[in-house]
Amino acid sequence: MYKSSILKSKIFRGLQIFCVFLTLTAFLTPAFAQEKPTQELENGTEKKFEPSEVILEHIADSHYFHIGGEIAFPLPVILYTDKGLEIFSSEHFDHGHANYAGKYHTYSLVNDKVTITDGSGSLTDLSITRNIVSMWMSIILLLIIFLSVASAYKKREGQAPKGLQSFMEPIILFVRDDIARPNIGYKYQRFMPVLLTMFFFIWINNLIGLVPFFPGGSNLTGNIAVTLVLSVITLFMVNLNGNKHYWAHVFIPADVPKWIWPLWWVIELVGIISKPFALMIRLFANITAGHIIVLSLISLIFVFKSIAIAPVSVAFVVFMDVLELLVAALQAFIFTLLTALFIGTAIEEAHH
Amino acid sequence: MNSLVTPDWGLVLWTTVSFFVLFLLLAKFAWKPIMSAITERERSIEDSLLKAEAAKEEMARLTNENEALLKQARAERDVILHEAKKVKDQIVSDAKETAHKEAARMIELARVEINNQKAIAMADVKNQVATLSLEIAEKVLKQQLADQKKQDELVSQLLKEVKL
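Taken in sequence, the protein lines are chains A and B. For the first sequence, my numbering gives the first residue as 1, with consecutive numbering after it. For the second sequence, my numbering gives the first residue as 1001, with consecutive numbering after it.
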């Protein structure tokens, strides 16, 4: 009796999770559904559904924040042009259908990129895009979570962790005991804040990226600009903390004939750059690939123009989403682990 | 596809700024108190374990000491009891001896007293006997010398005996 009730509850919980995923994926579909009619309207004739266009559009950054269906928030556009700063709302573009005459130039939105309509002058787009809004939401979430956890530590000093604190503590300890300590060594404490921030920032943004509607829907950690920033942080952390032994190995390698040294320097320079470069590509590619697969599976329904394919697509999407949950944590772990490892090799004491 | 791998410099700028703000805020207000609290708690747990171990050792030491003390106390008690028994025996034997002596002395005294009393009694008896003898003799003499003839006879005899 008792056992069977546990079994039932487990099945029930599994069903619950499945239902949640079904709803999540179901929310994606209206967003797709609205693509087609607009395209038809634009060209007057029925246009063939192009999955790659739709997928790339969803993966790329945007000047609008789609909630679902036709509803989308316009976001502020900030342009640093050759003549000065321009700030206006993206609603003036009417999803690319209208041009906006600013103080200095007239701008239009082509493929969700702001350009100067007549091609004169230059601009740098510093707009608050969907990814930035999503990032700020994740930052607020992280601050709420960890400031409350920190206050719990102050309130319950010396006591066992409780609630959110007891959920976060093993993860923090995991970062310390399995990422920082074994790779960096006894100086790990100095790098804990940046490793923890990196880990939780990547993880929470990976997770937010999995949610297909409002708070999520962005592809922040699958954006090359974001992974570039993160990997540059790693690059600086590794090389600014590099000790005498590390730089000696780069510039005056012992046991290497002097005439090879110029070649050696080139190789070492490539090594220094390629380590964070690999980090950048790994995170970007993993997260983007996940999004592409999920979107492709959903696109199958529209490619075949059949509702019958939906159950198959949804089943695969559920499988992929579960896999992506794992990948979200795994990529955060790998990024932080490799950063710790590179720091470890840079601050390692001479051992030969 | 090209746009996918071309970093958007606006996003680079905002990400850098946002990440640094997040890092500074978390480092100061979250990681610092959290890490120090965790370290502090780990240290206190380790301390407590060490203390518990020390207390256990102390306990064992105390138990051993107690046992040793108990053993010693038992040995001492045995010695004391033994000595007490000896003393008691001594006292008893001394008392017995004294009693014997006293008894002997008393008996001696009694004997002397008895002898004295006996002597006194004997003297008394002798006196009585003498008195009685004299009285008897007086009475006998009185009777014998009741007539004149006998008295003369006696006087003559006594006179004969007297030698001048």
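Hint data in this document are derived by calculation from the structure and do not stem from the laboratory. Misleading hints may appear alongside valid ones.
As the list claims (entries may be wrong) - For lysine to any residue, the following SDA-like pairs were computed, each having C-alpha atoms within a straight-line distance of at most 25 Å: (1) B:Lys1032 <-> A:Phe167; (2) A:Lys154 <-> B:Pro1033; (3) A:Lys155 <-> B:Ser1048; (4) A:Lys275 <-> B:Lys1032; (5) B:Lys1142 <-> B:Leu1132; (6) B:Lys1071 <-> B:Arg1061; (7) B:Lys1028 <-> A:Lys275; (8) A:Lys155 <-> B:Phe1023; (9) A:Lys155 <-> B:Pro1007; (10) B:Lys1028 <-> A:Lys113; (11) A:Lys275 <-> B:Leu1132; (12) A:Lys162 <-> B:Lys1028; (13) B:Lys1032 <-> A:Glu70; (14) B:Lys1028 <-> A:Phe174; (15) B:Lys1032 <-> A:Lys113; (16) A:Lys113 <-> A:Glu70; (17) A:Lys187 <-> B:Asp1047; (18) B:Lys1028 <-> A:Arg190; (19) A:Lys162 <-> B:Thr1039; (20) B:Lys1028 <-> A:Leu337; (21) B:Lys1032 <-> A:Phe174; (22) A:Lys113 <-> B:Ser1003; (23) A:Lys154 <-> B:Asp1047; (24) B:Lys1126 <-> B:Ala1146; (25) B:Lys1032 <-> A:Tyr186; (26) A:Lys275 <-> B:Val1017; (27) A:Lys113 <-> B:Pro1007; (28) A:Lys113 <-> B:Phe1019.
Here is how each hint holds up against the structure:
1. A threshold of 25 Å between alpha carbons decides the hint, and for B:Lys1032 with A:Phe167 the separation of about 18 Å falls inside it, so the pair holds.
2. Restraint check: the Cα-Cα separation between A:Lys154 and B:Pro1033 comes to about 7 Å, which is no more than 25 Å; the hinted pair holds.
3. With a CA separation close to 21 Å, the supplied pair A:Lys155 and B:Ser1048 stays within the 25 Å bound.
4. Annotation: proposed proximity of A:Lys275 to B:Lys1032 is violated, straight-line Cα distance about 29 Å (limit 25 Å).
5. At roughly 15 Å between alpha-carbon atoms, B:Lys1142 and B:Leu1132 fall within 25 Å of each other, so this suggested pair holds.
6. Annotation: proposed proximity of B:Lys1071 to B:Arg1061 holds, straight-line Cα distance about 15 Å (limit 25 Å).
7. Taking the CA atoms of B:Lys1028 and A:Lys275, the gap is near 29 Å; set against the 25 Å cutoff, the hint is violated.
8. With a C-alpha separation of about 23 Å, the suggested pair A:Lys155 and B:Phe1023 falls inside the 25 Å cut-off, and the hint holds.
9. For the suggested pair A:Lys155 and B:Pro1007, the alpha carbons sit about 44 Å apart, so the restraint of at most 25 Å is broken.
10. Taken as a hint, the B:Lys1028 and A:Lys113 pair is broken in the structure, with Cα atoms around 37 Å apart against an allowance of 25 Å.
11. At roughly 161 Å between alpha-carbon atoms, A:Lys275 and B:Leu1132 are farther apart than 25 Å, so this suggested pair is violated.
12. The suggested pairing of A:Lys162 with B:Lys1028 holds, with an alpha-carbon distance near 22 Å, which does not exceed 25 Å.
13. Distance hint between B:Lys1032 and A:Glu70 is unfulfilled; the C-alpha atoms sit about 45 Å from each other, more than 25 Å.
14. This hinted pair checks out: B:Lys1028 and A:Phe174 have alpha carbons roughly 21 Å apart, not beyond 25 Å.
15. Our distance criterion of 25 Å between C-alpha atoms is broken by B:Lys1032 and A:Lys113, whose separation comes to about 41 Å.
16. As the CA atoms of A:Lys113 and A:Glu70 are separated by approximately 20 Å, the hinted pair is consistent with the 25 Å bound.
17. Note on A:Lys187 and B:Asp1047: the hinted pairing holds, with a Cα-Cα distance of about 23 Å set against a maximum of 25 Å.
18. For the suggested pair B:Lys1028 and A:Arg190, the alpha carbons sit about 13 Å apart, so the restraint of at most 25 Å is met.
19. Under the criterion of a C-alpha separation no larger than 25 Å, the hint pairing A:Lys162 with B:Thr1039 is consistent with the structure, at around 17 Å.
20. Proposed proximity of B:Lys1028 and A:Leu337 is supported: the alpha carbons are some 23 Å apart, at most 25 Å.
21. Our distance criterion of 25 Å between C-alpha atoms is met by B:Lys1032 and A:Phe174, whose separation comes to about 17 Å.
22. Distance check on the hinted pair: A:Lys113 and B:Ser1003 sit about 10 Å apart at the alpha-carbon level, within 25 Å; holds.
23. Of the pairs offered as hints, the one joining A:Lys154 and B:Asp1047 holds, with about 20 Å between alpha carbons and a cut-off of 25 Å not exceeded.
24. Between B:Lys1126 and B:Ala1146, the direct Cα distance comes to roughly 29 Å. Violation of the 25 Å bound is thereby established for this hinted pair.
25. At roughly 18 Å between alpha-carbon atoms, B:Lys1032 and A:Tyr186 fall within 25 Å of each other, so this suggested pair holds.
26. For the given pair, A:Lys275 sits about 23 Å from B:Val1017 by alpha-carbon distance, which is consistent with the 25 Å threshold.
27. Proximity of A:Lys113 to B:Pro1007 is assessed by CA-CA distance (about 13 Å); at most 25 Å being required, the pair is judged to hold.
28. In summary, the hint linking A:Lys113 to B:Phe1019 is supported, as the alpha carbons are separated by about 24 Å, within the 25 Å threshold.
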